[in-house]
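2 protein chains.
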Amino acid sequence: MYDMTIRLQADSKSCLYEQIYEHIKKEIREERLLAGERLPSTRSLAEYLQVSRSTVDCAYSQLMSEGYIEARPCKGYFACSVEGLFSFGNRGENSIRRTKDGSDIGIRTDAKTSGQPSGSVKVDFSPYDIDMSGFPFSAWKKITRNILTEANGELFARGQAQGDPELRRTICRYLHSSRGVNCRPEQIIVGAGNDYLLLLLEKILGRHVRIAMENPTYKRSYQIFRSFAYDIVTVDMDEGGIQARSLGQEDVTAVYCMPSHQFPTGIVMPIGRRMELLKWANEEDGRYLIEDDYDSEFRYLGKPIPALQASDQCGKVIYIGTFSKAIAPAIRVSFMVLPEALLEKYLRDCSFYSCTVSRIDQSILNQFMRDGYFERHLNKMRKIYKAKHDLLLRELQGFRKAFDISGENAGLHLLLTSRKGEPERGLLEKAAAEGVRLYGLSDSMTKNASDSATVLLGFGGVSEAQILDGIAGLQRAWNCG
Amino acid sequence: MYDMTIRLQADSKSCLYEQIYEHIKKEIREERLLAGERLPSTRSLAEYLQVSRSTVDCAYSQLMSEGYIEARPCKGYFACSVEGLFSFGNRGENSIRRTKDGSDIGIRTDAKTSGQPSGSVKVDFSPYDIDMSGFPFSAWKKITRNILTEANGELFARGQAQGDPELRRTICRYLHSSRGVNCRPEQIIVGAGNDYLLLLLEKILGRHVRIAMENPTYKRSYQIFRSFAYDIVTVDMDEGGIQARSLGQEDVTAVYCMPSHQFPTGIVMPIGRRMELLKWANEEDGRYLIEDDYDSEFRYLGKPIPALQASDQCGKVIYIGTFSKAIAPAIRVSFMVLPEALLEKYLRDCSFYSCTVSRIDQSILNQFMRDGYFERHLNKMRKIYKAKHDLLLRELQGFRKAFDISGENAGLHLLLTSRKGEPERGLLEKAAAEGVRLYGLSDSMTKNASDSATVLLGFGGVSEAQILDGIAGLQRAWNCG
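Sequences listed follow chains H and L, in order. Under my numbering, the first residue of the first sequence is numbered 414, with each subsequent residue one higher. Under my numbering, the first residue of the second sequence is numbered 414, with each subsequent residue one higher.
Hints may contain errors.
Which copy is meant is left open, because identical chains are indistinguishable; a pair holds if it fits in one copy or across any two.
Said to hold, decoys possible - With a straight-line Cα cutoff of 20 Å, these simulated SDA-like cross-link-like pairs (lysine to any residue) come out:
1) LYS860 <-> GLN888
2) LYS555 <-> LYS632
3) LYS632 <-> ALA574
4) LYS793 <-> PRO578
5) LYS843 <-> GLN662
6) LYS793 <-> GLU440
7) LYS833 <-> LEU462
8) LYS833 <-> ALA484
9) LYS488 <-> PRO453
10) LYS632 <-> LEU760
11) LYS801 <-> SER457
12) LYS632 <-> GLN573
13) LYS843 <-> ASN822
14) LYS632 <-> ASP762
By construction, these hints were calculated from the structure, which means they are not laboratory data.
Build the full structure now, drawing on both the sequences and the hints.
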């Protein structure tokens with residue numbers, strides 16, 4: 414068994430349980446406590462440290478909820494692999510592992526989907542839902558209370574158009590450590606949601622934009638660009654996403670893409686493809702890549718995939734991220750990183766647009782990130798989502814004869830494609846008759862939508878019990894599994 | 414002396430001090446207690462009601478801060494005139510007095526102004542500042558705490574694109590009772606600031622808009638329309654504002670105006686002029702009037718002026734209001750009332766844009782309005798601003814030989830125009846040399862800005878002591894007063 418030596422400091426600012434938690438986390442992270450090694454029992458550790466057992470219980474339970482340790486029945490507590498766990502280096506340490514960032518996909522309130530018959534829905538596999546049961550209400554309330562208590566008039570006054578400098582510095586550090594994004598806080602614009610940031614981007618890029626989008630793509634972005642004066646070209650993908658050579662012929666000036674985890678296909682763009690895109694953008698002035706890094710927080714296997722922006726040496730990538738998925742849609746905070754040339758245009762032409770996020774909300778978010786709550790929350794949610802993801806895949810084993818499964822190991826949904834080419838519409842209708850709501854790929858397609866034989870199963874918003882129910886329903890509906 | 418008979422209810426939900434406060438307020442409002450009548454002393458009322466004296470003190474002090482009663486030294490407490498006081502009829506009663514609504518003018522953080530030399534500023538008469546010392550922090554905190562305590566996951570999920578129905582119902586009632594605006598809650602769109610709402614409006618109105626603006630006008634709106642694909646026509650005003658007949662020749666399709674209190678001139682558009690504008694809009698399909706009702710809350714003399722929308726029978730007015738000035742810029746909530754035809758277009762073409770205000774913030778604001786805090790806050794602020802306004806006018810008496818004073822009796826600034834036509838630039842520079850920052854009318858002018866001999870003196874953000882200091886500085890600077 415691992416030998417635990419913790420020096421507790423009674424006069425420290427953090428309470429005893431936090432000191433134990435921090436110590437063990439560090440031991441695991443720095444691989445002094447290896448995956449599979451057993452930890453002391455809570456009882457023996459409490460005796461050894463001369464603290465109450467509930468203090469140790471509290472530390473262990475926090476570590477479990479974040480996936481650092483696991484309990485094996487009758488055997489005790491064991492360290493887990495840290496592969497894929499978040500650490501933001503709040504103190505400037507950049508020795509960080511993992512992950513992707515987030516976007517504006519929210520809890521679907523206006524759920525309309527092509528060919529989705531109405532009826533009583535027992536299980537809704539929405540790919541847009543997130544799990545709110547894990548939301549750290551108490552931390553959020555505590556921070557809010559503190560901020561309002563300390564609040565002076567300052568916080569109720571209008572702030573800087575780009576967002577509060579402190580929050581931008583925090584986002585900058587987070588982006589660097591978790592996504593490899595290289596930027597100065599001055600390049601960041603904070604806004605109330607991706608939709609708003611795209612509206613602002615339209616003003617920065619000007620009217621004469623011919624934009625390429627992947628097909629299928631994220632539908633709301635497509636609707637937004639269509640509401641602009643933009644020409645839209647949709648480009649088909651192969652297994653590596655879109656190809657730069659299809660852009661040249663089309664006279665495209667901007668590309669909207671999701672290289673780290675394409676929605677809805679889940680395709681990860683290989684590095685070679687990325688370099689081609691960057692090269693294409695660099696061939697002419699005024700060409701830009703809009704990277705929507707919409708759900709990069711949740712990856713369940715392998716190394717994190719850095720942002721496209723991380724490979725950009727020439728200021729060609731406009732990076733957009735959000736907290737809608739990683740925290741909650743309701744907090745309404747997204748951000749955009751502008752390359753220097755566009756920052757100049759923004760400052761000259763658009764900086765009179767005042768910031769759309771209240772300074773109180775910006776302060777709450779800043780403190781949530783700065784004080785480590787965000788890191789803990791992400792690790793906890795990753796564990797919750799991974800459990801659902803694994804369960805869903807296990808339950809879908811029997812479907813593999815009739816369906817190809819794709820989009821695994823990341824994000825909050827899977828795709829099922831009928832091997833026989835059974836049309837999406839029929840699949841959705843049969844599922845609906847059993848009370849199971851699925852979502853068609855055609856929702857995300859900009860052309861040839863009627864050819865779709867693919868449905869999306871989101872697992873963010875369903876419980877494990879609902880997953881079991883829902884899959885049983887699909888077995889009945891489709892006579893398989 | 415007025416005979417006070419209050420039936421206190423010990424088992425009531427509201428505490429004793431609130432019952433006393435509510436009773437006296439109602440007596441004054443319904444003119445059973447008339448302006449100038451004396452109230453019982455706090456001591457005698459406390460004895461009479463068998464409550465502690467501090468309970469009565471508390472009620473009287475609240476009534477004083479809201480301008481219902483006043484204390485005269487050595488004489489006691491007297492009822493004030495209710496002319497101009499707010500009452501929103503939270504319980505559906507529409508027997509309401511007054512007022513105007515608000516806009517997006519905020520605390521100036523990026524204070525740049527034409528011809529404004531730098532130097533140490535002792536008094537800043539910014540027309541964009543508001544008085545935050547009167548902000549009801551404790552009420553705001555209390556509501557926030559309650560909402561977060563009761564909060565279920567619901568509030569952290571994304572809500573409706575137009576804003577939460579409950580808040581829209583509350584805004585609808587407020588607009589009807591205080592501004593005469595006729596609309597259904599379904600016509601209201603809540604957004605994070607006027608700038609965002611104008612961005613959305615661009616998508617609703619489409620690209621081919623030729624918009625008329627007043628000259629001078631609110632600069633940021635001008636910048637925003639210029640960043641659109643709009644043709645802009647600026648129209649000079651006479652003492653009644655712009656005239657409909659100047660629009661026809663210009664092929665205009667939309668007019669942006671501030672009929673109830675034009676910024677920066679303070680002109681109130683007479684009813685005849687309003688009817689002409691409405692008639693003009695009604696002559697052709699697709700013509701609209703954009704009413705920015707930016708600071709209608711604060712009027713210090715005479716009857717309230719209803720919104721232009723209140724006179725609109727044909728669905729021609731797009732009404733925009735804000736809480737930036739009436740509550741605080743940082744809360745970032747504005748709203749837009751669409752006429753039915755444009756609502757249809759919005760629902761068809763733009764309703765995928767998600768709401769930019771968090772649901773938590775929407776809930777806080779809703780409760781703030783619904784529970785009477787907003788009404789109290791406005792009455793309190795009106796009193797504070799009226800005192801500053803009156804003091805400033807008094808101190809400017811001696812300036813009348815050399816300057817015309819305009820824009821009195823409403824809003825948060827006055828205008829001084831040199832009778833000799835001394836250029837604005839010189840006036841600003843001399844004032845700055847004495848540590849007094851003023852703002853030039855040329856900031857708001859879209860043409861002939863170099864002709865300006867007018868400066869703006871805002872009194873929202875300065876204290877009474879600063880007003881005295883500042884005017885003394887101006888007397889030295891300009892050799893007058």
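Checked hints:
In this homomeric assembly, LYS860 and GLN888 never come within 20 Å of each other (Cα to Cα): the closest approach is 30 Å inside a single copy and 72 Å across copies. In this homomeric assembly, LYS555 and LYS632 never come within 20 Å of each other (Cα to Cα): the closest approach is 37 Å inside a single copy and 40 Å across copies. In this assembly of identical chains, the alpha carbons of LYS632 and ALA574 lie at most 20 Å apart only when taken from different copies (16 Å versus 28 Å within one copy). Taking CA atoms no more than 20 Å apart as the test, LYS793 paired with PRO578 passes in neither setting, with 28 Å inside one copy and 33 Å between copies.
Taking the shortest Cα distances, LYS843 and GLN662 never come within 20 Å of each other, neither inside one copy (42 Å) nor across copies (62 Å). Only within a single protomer do LYS793 and GLU440 lie at most 20 Å apart by alpha-carbon distance; the minimum there is 18 Å, versus 58 Å between protomers. In the homo-oligomer, the alpha carbons of LYS833 and LEU462 never lie at most 20 Å apart, since the shortest distance is 63 Å inside one protomer and 85 Å across protomers. With identical chains, the CA atoms of LYS833 and ALA484 are never at most 20 Å apart, being 43 Å at best within one copy and 86 Å at best between copies.
Proximity of LYS488 to PRO453 under the C-alpha cut-off of 20 Å is restricted to the intra-copy arrangement: shortest distance 11 Å within a copy versus 78 Å between copies. In this assembly of identical chains, LYS632 and LEU760 lie within 20 Å of each other by CA distance solely across copies; the values are 17 Å between and 30 Å within a copy. Taking the shortest Cα distances, LYS801 and SER457 never come within 20 Å of each other, neither inside one copy (33 Å) nor across copies (70 Å). With identical chains, the CA atoms of LYS632 and GLN573 are at most 20 Å apart between copies only, with a shortest distance of 18 Å across copies and 31 Å within one.
Proximity of LYS843 and ASN822 under a CA criterion of 20 Å is satisfied in neither setting, with 27 Å inside one chain copy and 69 Å between copies. Only between protomers do LYS632 and ASP762 lie at most 20 Å apart by alpha-carbon distance; the minimum there is 14 Å, versus 29 Å within a single protomer.
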